[in-house]
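So you can see what is in the structure, the chains are spelled out below.
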Amino acid sequence: GEKVEQHESTLSVREGDSAVINCTYTDTASSYFPWYKQEAGKSLHFVIDIRSNVDRKQSQRLIVLLDKKAKRFSLHITATQPEDSAIYFCAASDGGNYKYVFGAGTRLKVIA
Amino acid sequence: GGIITQTPKFLIGQEGQKLTLKCQQNFNHDTMYWYRQDSGKGLRLIYYSITENDLQKGDLSEGYDASREKKSSFSLTVTSAQKNEMAVFLCASSRTQDTQYFGPGTRLLVL
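Protein sequences appear in the order of chains S and V.
The working numbering puts the first residue of the first sequence at 1, with every later residue one more than the last.
The working numbering puts the first residue of the second sequence at 1001, with every later residue one more than the last.
Just so you know, the hints here were simulated from the structure itself, not pulled from any lab data.
There could be a bad hint or two in this list.
[What the hints assert, rightly or not] Dumping the calculated BS3-like pairs for lysine-lysine here, alpha-carbon to alpha-carbon at most 25 Å: (1) V:K1071 x S:K99; (2) S:K71 x S:K99; (3) V:K1041 x S:K71.
[As the list claims (entries may be wrong)] Covered stretches of chain S, going by a simulated chain V footprint (3 or more residues, C-beta under 8 Å): (4) 40-51; (5) 99-112.
Predicted model, so just to flag it, every value in this text is computed and none were measured.
Even glycine gets a Cβ: it sits at the ideal position worked out from N, Cα and C.
For reference, chain S alone in the conformation it holds in the complex (with noise of 0.2 Å):
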C-alpha cells in the first residue's frame, strides 16, 4: 500500500525566512495531496491541498509544489511568523478510495 515519508521531524527558522517541509510518497495512483497543520494541544487544521492535474499551487504565504515524476510534494511557508509554529502532516490519497496516508509529522519552530 501507499507510504507517506516526511523528511524532516524537526524544522526550525527564523521569522521572516522560508520554510520547507518534504514528504515523498511511493504509489503512482496518489492524485490529492492536502496538507494540515496541528498546534500544541489541537487538532488537525486544513491549510493547502494539491491535486495531480498541477504542480504548483499557492494561498497567501503557503505554496505547495508537486513532481510527480519524482513523486514528491513540498509544503513551502514565505515570510514566517511566530504564529506559523506547529506540526504539519502532509497526506497522500489516490481520490478513489477515501483513504489518505499521512506523513509522520515535521514539527516547525519559528524562532523571533
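For chain S, the structure is supplied; the task is to place chain V on it using the hints.
Only chain V this time, still in chain S's reference frame:
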C-alpha cells in the same frame, strides 16, 4: 461552515474495559472517519463510513468496532482497553472524496 464535536474530550478507562467515543458533524458530509494519533506519529485510519449504516475497515481496525447510526454521527468502541494505552482519537468528515475536516479529538488514557 460546520463543526465536528467529539465526546468525551478526555476518557480514562481500566484495562479490559469497553469504551465508546462519539462524533457528530453538521456539515452534512457523507463520509466520516476515525483515526488514532500516537505521540510523535502520524495518523492511522481505524474505520471509515461512506454513508449511513456503512462501515469500512482501515489499517488499524483490530480491537475496535464502529457504528454509523445516522448521517451526522459516527461512534467508535474500544472493545478491550489495553493497560497503559495512551492516544488521541480523531474523527473527521468529508464530502465524497473531498478534503477531510477534523474534530477536536478524544484523549484516552488506560490505567
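Is the straight-line distance between the alpha-carbon of K71 of chain S and that of K99 of chain S 25 Å or less? The hint holds at about 18 Å.
Tell me if chain V covers the region 99-112 of chain S under the three-residue, 8 Å CB rule, please? Since 6 is at least three, the answer is holds.
Check of the region 40-51 of chain S against chain V for coverage (Cβ-Cβ below 8 Å, three residues minimum): holds (count 6)
For the pair supplied as a hint, K1071 of chain V and K99 of chain S, confirm whether the alpha-carbon distance does not exceed 25 Å. 19 Å, holds
Assess, step by step, whether the Cα of K1041 of chain V is no farther than 25 Å from the Cα of K71 of chain S, and give holds or violated. It holds: about 22 Å lies between the C-alpha atoms, which stays within 25 Å.
The structure is consistent with each of the numbered hints, conforming to all of them.
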